[in-house]
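Participant: Protein chains in written order, with this note's numbering: chain A, 8 to 271; chain B, 8 to 271.
Everything labelled a hint here was simulated from the structure, so no lab data went into it. Treat the hints with care, as some may be off.
If chains are identical, the list can't say which one is meant, so a pair holds when it fits in one copy or spans any two.
Derived lysine to aspartate or glutamate pairs resembling DMTMM-like cross-links, with alpha carbons at most 20 Å apart [said to hold, decoys possible]:
#, residue 1, residue 2
1, 198, 255
2, 235, 135
3, 198, 72
4, 111, 72
5, 218, 74
6, 218, 73
7, 51, 66
8, 218, 72
9, 249, 269
10, 218, 138
11, 198, 74
12, 111, 83
13, 218, 246
2 protein chains.
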Amino acid sequence: MPLKSKAAARRWRQKNRRGGVVTAALVIIGNEVLSGRTQDANLKFLAEGLNGLGVRLREARVIADDEPTIVATVNELRRRDDYVFTTGGIGPTHDDITAAAIAKAFKRRLERNAEAEARLRRHYRPEDITEARMSMADMPEGATLIDNPVSRAPGFQIENVFVLPGVPRIMQAMFDGLKARLKGGKPVFSKAVIAYIPEGVMAAPLEDVQKAYPETEIGSYPFFRLGKVGTSLVVRSVDHQKVNAAAEAIRGIIRGLGGQPEEG
Amino acid sequence: MPLKSKAAARRWRQKNRRGGVVTAALVIIGNEVLSGRTQDANLKFLAEGLNGLGVRLREARVIADDEPTIVATVNELRRRDDYVFTTGGIGPTHDDITAAAIAKAFKRRLERNAEAEARLRRHYRPEDITEARMSMADMPEGATLIDNPVSRAPGFQIENVFVLPGVPRIMQAMFDGLKARLKGGKPVFSKAVIAYIPEGVMAAPLEDVQKAYPETEIGSYPFFRLGKVGTSLVVRSVDHQKVNAAAEAIRGIIRGLGGQPEEG
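Sequences and hints are given; from them, build the entire structure.
Facilitator: Written out as C-alpha cells, the structure reads:
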C-alpha cells in the first residue's frame, strides 16, 4: 500500500509491530440487525473470505443508521486497521445514508459519480429511472467503484474503506470481485480437533500445550451435540508446522484421557 | 437506577437527552466468531429480549480474546450506555480471560467468589473437581452472581455490566433469569409491511411518509424471494398510534402502485 497519508503511515508502523499481520474491521450498518429482526450473515462470510486472503478480521461493529455514529466509527477504525469494510445503507431510500456519512468522514464532497450513473441508466428501462434510483450513484469525490454483478448499483472504495451493500447475495458477489485489490499478510492456518470430553477436564494439560507453543492461539469451545458434552479445540497460527505440532499434542491429551480425537 | 457513581450520573443525563430511551451495548468476546468459524447467535436473541423489556440495543461489538481490547471496549461502553452485556470467555480454560479483564476494567481485585465456588462444588462430583473448574468462581470483588440453571457456573454483574457465557443455550437461560434486574424505558413498537415492489419505485412517497411521521423510524429492506424482488418496510417508534398510522400510509402507497401489502 503506498503511504499516501499520515493515516496510512501510521497503519504501516502498526502492522510492522504486529509482525506483518494485515488487519481489517467490519462495520455492519443496520437498525434491522440491532433490533434483532434480521440475523446478520455478512460477518461470517467476510471473516472467512478475508482469512483466505491473509487478512485478519480484528473487530466487527454493528451500529445504527445514524450519521454521527457512522462517521465516528469509520474514522476510528480506518486509522487503526489496514482495511475497513462497511455493509448496509447504500440503497435508494431515505434510510440509506452510508455514502453521505462516508463522504463526511473523509471530509469530501458527495457527488454523482458519472460512471456509476451510466451503469444505472444502462440497467433500468427509461420509464423505471427514478431520482431515488439515480441517487445510488452519489458517492464521495474520488471514490473508486466496486462492481455489482447482481443488481448493477456499485459500491465504492475510498482509501482503505470499502463500502458494500447489506443484502448478503449481492455483498458476496461484490466482495469476490474486489479480492484482487486486497493485499494480505501471512496466511493464518488453523486446525480443529474435537473430543467428547468436557473442557474442564482438559484445561490444565491444554494450558501446558499453549505454553509450549506460544506462536499459536489455542481456543477451547464447549458444545452440546446428541445429548453429549464436547469440546472443540482450535489451533491458529501463521506457522503451519506449529499448528500441526500443537494439534498433535492436543490429540495426545485426548487419548491420554481415554477419548477419541476427531477432525473438527 | 441509583446514581452511585459519576458514570451513572452521566448515563442518567444522556438518557434524559434521549427522551427516556434506555440503551444497551453488547460485547461479543470471541476469536471463533471473528475468524468466521462460528456463526454468532447471541446478538439476535439479546436484541429481541432487550427490546421486549424496553431496552434498545444501540451497538454490538465483536472483539478478540485480548485483555487490553476487552478492558478498553467495556470501559468505553459502560460509561455511554445504561447496560452492557458481554458474552464469551468465562469457561475453565486458559483462553477464558473475560472475568480477569472485567476486574481490570473496574480496577477491582479478582477473587474467588465463595457462593459461586459453593455452587460448583455442589454441582461436580468430588473426583471431577479441578482447579480449572473452580477458576470459574473467580470474579471481580463485589460482583453479583447471575444464576446458571443449565451448567451451574454462574455469570456475574458488576455495576451496569452483565457477564454471560458464549454458548447460546446457556446464555439464553441465564438472560431469562436476570430480566427482573433490568429496568426498561418506553417500549418500542414496530410493524412490518411487505410488498413485491422494488424499493427504488417506492422511495419518493416513502420519504414523504417518513417526513409526515418524524416520531417514527422507517426502514426499507430489499429482499429476493421465490425469484421475486420485494421490500420489507419496518416502522418503529415508542408511539404506538404513529406506528399504525405510518404503516397504514405505507399500505396506501403500495396499493397506489398496484401492489398488495402483506403483513411482515
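Participant: It remains to establish, for every hint, whether it holds in the given structure.
Facilitator: Going down the list of hints, with the structure as the test:
| no. | hint | result |
| --- | --- | --- |
| 1 | 198 to 255 | within (10 Å within a copy, 54 Å between copies) |
| 2 | 235 to 135 | between (57 Å within a copy, 17 Å between copies) |
| 3 | 198 to 72 | between (38 Å within a copy, 18 Å between copies) |
| 4 | 111 to 72 | within (14 Å within a copy, 32 Å between copies) |
| 5 | 218 to 74 | between (45 Å within a copy, 17 Å between copies) |
| 6 | 218 to 73 | between (45 Å within a copy, 16 Å between copies) |
| 7 | 51 to 66 | both (12 Å within a copy, 18 Å between copies) |
| 8 | 218 to 72 | between (44 Å within a copy, 16 Å between copies) |
| 9 | 249 to 269 | within (19 Å within a copy, 56 Å between copies) |
| 10 | 218 to 138 | between (61 Å within a copy, 18 Å between copies) |
| 11 | 198 to 74 | neither (41 Å within a copy, 24 Å between copies) |
| 12 | 111 to 83 | within (13 Å within a copy, 24 Å between copies) |
| 13 | 218 to 246 | within (16 Å within a copy, 57 Å between copies) |
Checked against the numbered hints listed earlier, the structure breaks hint 11 alone; every other hint is satisfied.
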